[in-house]
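Enquirer: Each chain, written out:
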Amino acid sequence: MKLLQNKVAELFENGTINLMIGFKEALTKQPVPCFIEKASEIEQLIYTKDCKNNLSVYLHKPEVKQAGKIGILANIATLRALVQLTSENQFWDIEKTVLTVNDKEEVIVFSDMEEVEAYVQANFPEFSEEDLKLLDYLESLSREDRWKYWTEQFSACIKCYACRAVCPMCYCPQCTVECNQPQWIKTSAQTTGNLEWHIMRAMHLAGRCINCGECGRICPVGIPVHLLTVKMNQDLFKEFGTKSGFALKGDYALNSFKPDDKEGFIK
Amino acid sequence: MSEFEPKIVAFVCNWCTYAGADLAGTSRTQYASNVRIVRFPCTGRIDFMLLMKAFENGADGVIVSGCHPNDCHYTSGNFHARRRWIVFRSILDLIGFDTDRITFSWVSAAEGKKWANLVDEVTDKIKAKGPFTDLDKLDGVQLKELYDEAITK
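Read top to bottom, the protein sequences are chains U and R. Going by our numbering, the first residue of the first sequence is number -1, and it counts up by one from there. Going by our numbering, the first residue of the second sequence is number 2, and it counts up by one from there.
Looking at chain R on its own, in the form it has when it is part of the complex (with noise of 0.2 Å):
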């Protein structure tokens, strides 16, 4: 069977991360391909709930970076994400959900180095956790295992 290859979720935001992946793919730097990136105008927007359906629709991990504080295109939206953050974190924490699968980090536009680095780190991260499972198994029926069962019949 060929090595796990970890789904990768990242949010980032359009001024700062997006430019700083951008950065790294016109300067030819290699990191992990398990990465989608989804681009939104600002930290700030990114709401807790695109979090958790990323989780519910087959993400193994998921990485949410924006501008570093005090750079943000929009003056104040990484701050106020970065209250969010805390606030989510602490209640995931308390419902024993695995935070370790997500990851938050700032990336500036000039950081293309850094954004690679920090991709390679998370995938080998999950790869060394493995597919994420805790939500699929929660609910008695599992689509998947119905449709695998479907398609060989």
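Isolated chain U (complex conformation) (with noise of 0.2 Å):
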């Protein structure tokens, strides 16, 4: 702990970085976020094994950028959604310092985007085996009882988007649940609206989400809906060979194609 506070406050002393964000104790067992803007500040700073959030996220807001030079203490999906973003040129307006603690418990601070990207590639997470047994449960049930499992779930959404506030690849100024010419999604929080917003949504992260499961983590109501970009995920690998998150260079998956795609279901 001692030696991240150290490496931070060095950061701020030869003006790298005037904002830092990262995790701080709080009443509970998982850290949260917080942003340090002094020097002084730095005691409050921690990093465990628990600090899941991915702060990428921060880095789309207004109020962050401001503060031009970003540090950011990163977890290995926040390196991978890091990578990610960079590859959608998503941060060509800060200058931001990438910090991250490996399992020795040993502080690195990459020096540019290629020292995360060969991190991320050297580090690639797996995915979750309590999400692969959740989703080989879900396709060994027949079609019908898929449909109802996941219209029950839906049926408690309440449209508070969290999912989308939380989660780093949604950046766009304008969703298209917003868009109400045409009215693409029922604004109410009933059950055939709410399936087409995760349905949407998973759609529109297809090949770009990096599963951080923090949309399923944040659900106020509990609906698993990371399981349907977890899904994607892997059956985009198995179809194309492409992985999200991985490199900095490179078409994302519904961006490019290949001549012999294999499908089995077009006549």
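These are calculated hints, taken from the structure and not from any lab test. Each residue gets a CB set at the ideal place from its N, CA and C atoms; glycine is no exception. Where hints are given, some of them may not hold.
[What the hints assert, rightly or not] Chain U regions said to be covered by chain R (calculated; three or more residues, Cβ under 8 Å): (1) 104 to 113; (2) 185 to 193; (3) 200 to 211.
Join these two chains into a complex; the hints should help.
Expert: Dropping the structure here:
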């Protein structure tokens, strides 16, 4: 912990950063995000295995961008998000310094995104076993039962859009769900509209979702929405061999094609 | 009661399938009249939300059709569309949506006969399946029932 704090203090001192996004202790077990603007506040900065939030979502916020030079303490999911977002040219207007703490509790300060890319590729996260188990279970059900399961889940959705707010890949200034000419998605929290919303969200994240699972974790009514994107990521890798948040260069899965892509359903 | 006549919405591309359907018409090929054709510039333009909206607004089946691979007027629109459909189908499948009601096809401008057969086939398939009510059943208040009730009063 001291090591991390010293490193960040150093960065503040030599003017590399003037805002640090990291974690601080909370009343509950899981640490919460914190914003450090001066060196005197550094003592609250911590990093543990329970630091799960994907902090890269804050880098889209204008009030954060204002700081100009931003340090970000990243877990592996956040690093992956940073790689994906860089490949989508999202960080042209800020200078960021990326820090992480590896398994041996060493603090790494990356000098550029190429280093982050190499680190991500060396430590590429697998799908969580819990998610795979749930998916296997769902896939073992009949179609009607799956439909029943998901429509029951979606009927609980209150359309708070927390899944969108927490997602680092959902940065469009205007989302299709807010478009009212035409009204693609019903605004009231009815099951049909909820279903359409979740399908649309998953489709717009196809090939871009970096599988941090924040959407499922944040859902106030406990819908496992992240399973849709987990399944999608699995399929994209199986069908096209693409991985999101893996490389700084290159197209994302739905932005590119191969003439010999295989499918078995087009007549 | 008369036989169930399904409503089928076909999203087709301007350059191949629409011309194919046109050929079926000009060569006086008889096929099921259940299909409503919506013409698009390219299959790449056919957003998945349009399919959802078709079902929401009462379609019983949907056909999506465009140029064969390598025949796209815009070179690569159908290749992009193909990838999108693969992902879209897998998500619908996970959710348990009845993917048999969506038929994807390649029909070229010369395949009037194939188009007529496709529409006949899909119509028969959807007739056997019956009306699509999965979405109607979801929302507690069924507007159609309320409407029918109000009309009869």
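Enquirer: Hints broken by the structure, by number, lowest first?
Expert: 1
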